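The chain contents come next:
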Amino acid sequence: MGFGPYFLLASLEGLVTAAVLTLTALGLSLVFGVMRVVNVAHGEFFMLGAVLAWAISTAFAGHPSIGFAAALLVSPLVVGGVALLAERLVLRRLNYDPEATIVATIGLLYIVQQLALTFYGPDARPVQAPFNIRVTLPWFGYSGYKLAVIAAAIVLVIATWLVLTRTKVGLVMRATQYDRETAQAFGIPVDRVYAGVFALGAMLAAIAAVLVVPIQQAHYLMGRDPLLLSFIVVIIGGLGSLRGTVVAAVLIGLSDGIISVFFSPTLAKMLATLLVALVLVFRPQGLFGAATR
Amino acid sequence: MMPGAGSRRAVALHLAVIAVLFALNFILPEYHRGIFSRVMVLAVFAMGYNILFGYTGLLSLGHAMFFAAGLYGAGLPLYHLGWGVPESFVVGLACGVVLSAAVGVLALRTTGVAFMIVTMMFSQVFYLATLYFTTYTRGEEGLVLPQAARRVELGGVALDLTNPASRYMIALAMFSIVLLATLALVRAPFGRTLVAIRENEERMRMLGYDVFRAKLSAVILSGLFCAASGAAYALLFGYVGSGFASIQYSILPLLWVLLGGAATTLGPLIGTLFMFYVIDITSAYTSAYLLLVGVALILLILFFPRGLLGSIRERWLPWLP
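If you read the sequences in order, they're chains V and H. Residues 12 to 304 (my numbering) make up the first sequence, in order. Residues 896 to 1216 (my numbering) make up the second sequence, in order.
Among the clues, some could well be false.
Said to hold, decoys possible - One side only, chain H facing chain V, incomplete, derived with CB under 8 Å:
#1 L919
#2 L923
#3 R1004
#4 A1009
#5 I1012
#6 V1013
#7 M1016
#8 F1017
#9 L1026
#10 A1179
#11 A1183
#12 L1185
#13 L1186
#14 V1190
#15 L1192
Think of the hints as simulated: they come from the structure by calculation, not from any bench. All values derive from a computational prediction rather than experimental measurement. Beta carbons are placed, not taken as given, at the ideal position from N, Cα and C, and that holds for glycine.
Next comes chain V alone, as it looks inside the complex:
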């Protein structure tokens, strides 16, 4: 086999990573953009979504697609509920102070992780894909489910974008992001917007997790990498900029897929992290920050 097939495979794998990453990072970016809160527990919402997906889909007998559909519906709702509870009980009382909320979400991270270990256990468990179709490509057959994940991510990103730009809810969210106090003065229930945004961010991570479990098994430590990668995406894309987030996620997902096919994954992660830290130091508005402003 020549270079071509390898490259196509790497690009496809990269696109799947990018799809999942876009959804996860979109959640983180929304929360940061609107609330100015850095949610360190975002990766744990992702993990919780995956673990719940396993629990729900195994509860259903019969065709795997029934369990999967149930998981896709229920798991994000439960995760959103958990996020809502955390927001009401903890973040709101801290008045969304950036440093205090980071410490609190670190605490939340440990709690969720430990509870998952206690009740779910240390094993990685698979969830069956809802369908099993192979799509024939020039050099090899490729999993139809993975292509469906890419399509689903595109649909969800467009839907989020439409909600943000075309609906009243989106307008209220953008107004709150633009200027919290003025929004409050115009009668926008900023408090409820914050709660909704935090839950929505967690739900996006959970949806991404449910989509990924048939490809990657559910494990109680699986939230670490998505958290780090989402941070990288949000920083590169410019903190709080949605368009930048999507562009950066596709870029990073693709390069991650391609790099890890050809290089050592630890070295790749190391260099990527260093590079992103330097971006944050020398270009704090992100690589695309200026363009989207």
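With the hints as your guide, set chain H onto chain V.
Okay, now just chain H, sitting in the frame of chain V:
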């Protein structure tokens, strides 16, 4: 702090704490003496963190890298090159200073949330590096420093670092030096400059202070203390592993300082000691100690942001440094 009765009381209090710790060496049962040795070494880590977080107001999420720089800086030469204990310790300190200077120059260009993320990422790079160079570090599994190498000849007296009594005394000596150094620092003009920067950075800049230089000095001093703690940990307890560079070891000093009281000289010791015993006692019933760490972090930040000593200072003892 004004010189006077409060100042003399503060010095007396610190000397008394050191004296009590000295006496505990002869009183404590073996198991608890071991815990106290470990707590004193790790309290130095927390005190280093406190310089930056408590006094300068910079929240770093990457201090594991400074601790690990000392740990590996001391452990690797001892293990691979057969160096003696004092030389290895000095190498550990030097690694901490160099790393903190480099990280400080870069990270201090950012503020607030970006500073936290940048320090966390640099620390993550360090952690991944310890995994990548697994030929020398053995990654997560780590290195066990040979017992025979952990001896010092000091003026004809041979000190065995594996002996619990000498281990306790060395830990106490280092702890006392760092504690008194912190006390001196807090009362010196430089310490007050740091506090003033924490309270109002813009005003300090307007008054003509070189804010960047003061903050960089604080980062380096903090890195030096943390590296001293890491180097001592490697030499005294004989284990060097990637786990100490992981994000968890960046969070722990934050927890200890928050618990004991940020910007108090004795808070880091109290926080470390308290958390160690909480985990020790609860681990008899459950292995879920991370749950405890999480709950403690949230409760502290919600209801007790000043920590134990911070609250005591606010209510009863305003002279506490």
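A closest beta-carbon separation below 8 Å is what the hint needs, so does H:V1013 meet it against chain V? With a closest approach of 5 Å, the H:V1013 hint holds.
Is the hint on H:L1026 kept, meaning its closest Cβ partner in chain V is under 8 Å away? Given a least distance of 6 Å, the restraint on H:L1026 holds.
Is the hint on H:M1016 kept, meaning its closest Cβ partner in chain V is under 8 Å away? At 4 Å from the nearest chain V Cβ, H:M1016 passes the 8 Å test, so the hint holds.
Restraint: H:L1185 near chain V, CB-CB cut 8 Å. Satisfied or not? This hint holds: H:L1185 lies near chain V, its Cβ roughly 4 Å from the closest one there, short of 8 Å.
Hint check, H:F1017 versus chain V [nearest Cβ-Cβ separation less than 8 Å]: OK, holds: H:F1017 within 8 Å of chain V, min 6 Å.
Once the shortest beta carbon distance from H:I1012 to chain V is found, is it less than 8 Å? At about 6 Å, which falls below the 8 Å cut-off, the nearest Cβ of chain V leaves the hint on H:I1012 intact, so it holds.
With a cut-off of 8 Å on the beta carbons, see whether H:V1190 makes it to chain V. Interface hint status for H:V1190: holds (6 Å vs cutoff 8 Å).
Going by Cβ atoms only, is H:R1004 closer than 8 Å to chain V? It holds, given that the least Cβ distance between H:R1004 and chain V is near 5 Å, below 8 Å.
Interface hint outcome for H:L1186 [beta carbon to chain V under 8 Å]: This hint holds: H:L1186 lies near chain V, its Cβ roughly 4 Å from the closest one there, short of 8 Å.
Holds or violated: H:A1009 as interface residue toward chain V, Cβ cutoff 8 Å? holds (6 Å)
Let's test the interface hint: is any C-beta of chain V closer than 8 Å to that of H:L1192? holds (3 Å)
Hold the hint about H:A1183 up to the distance rule: shortest CB distance to chain V must be less than 8 Å. holds (5 Å)
In summary, the numbered hints that this structure violates are 1, 2, 10.
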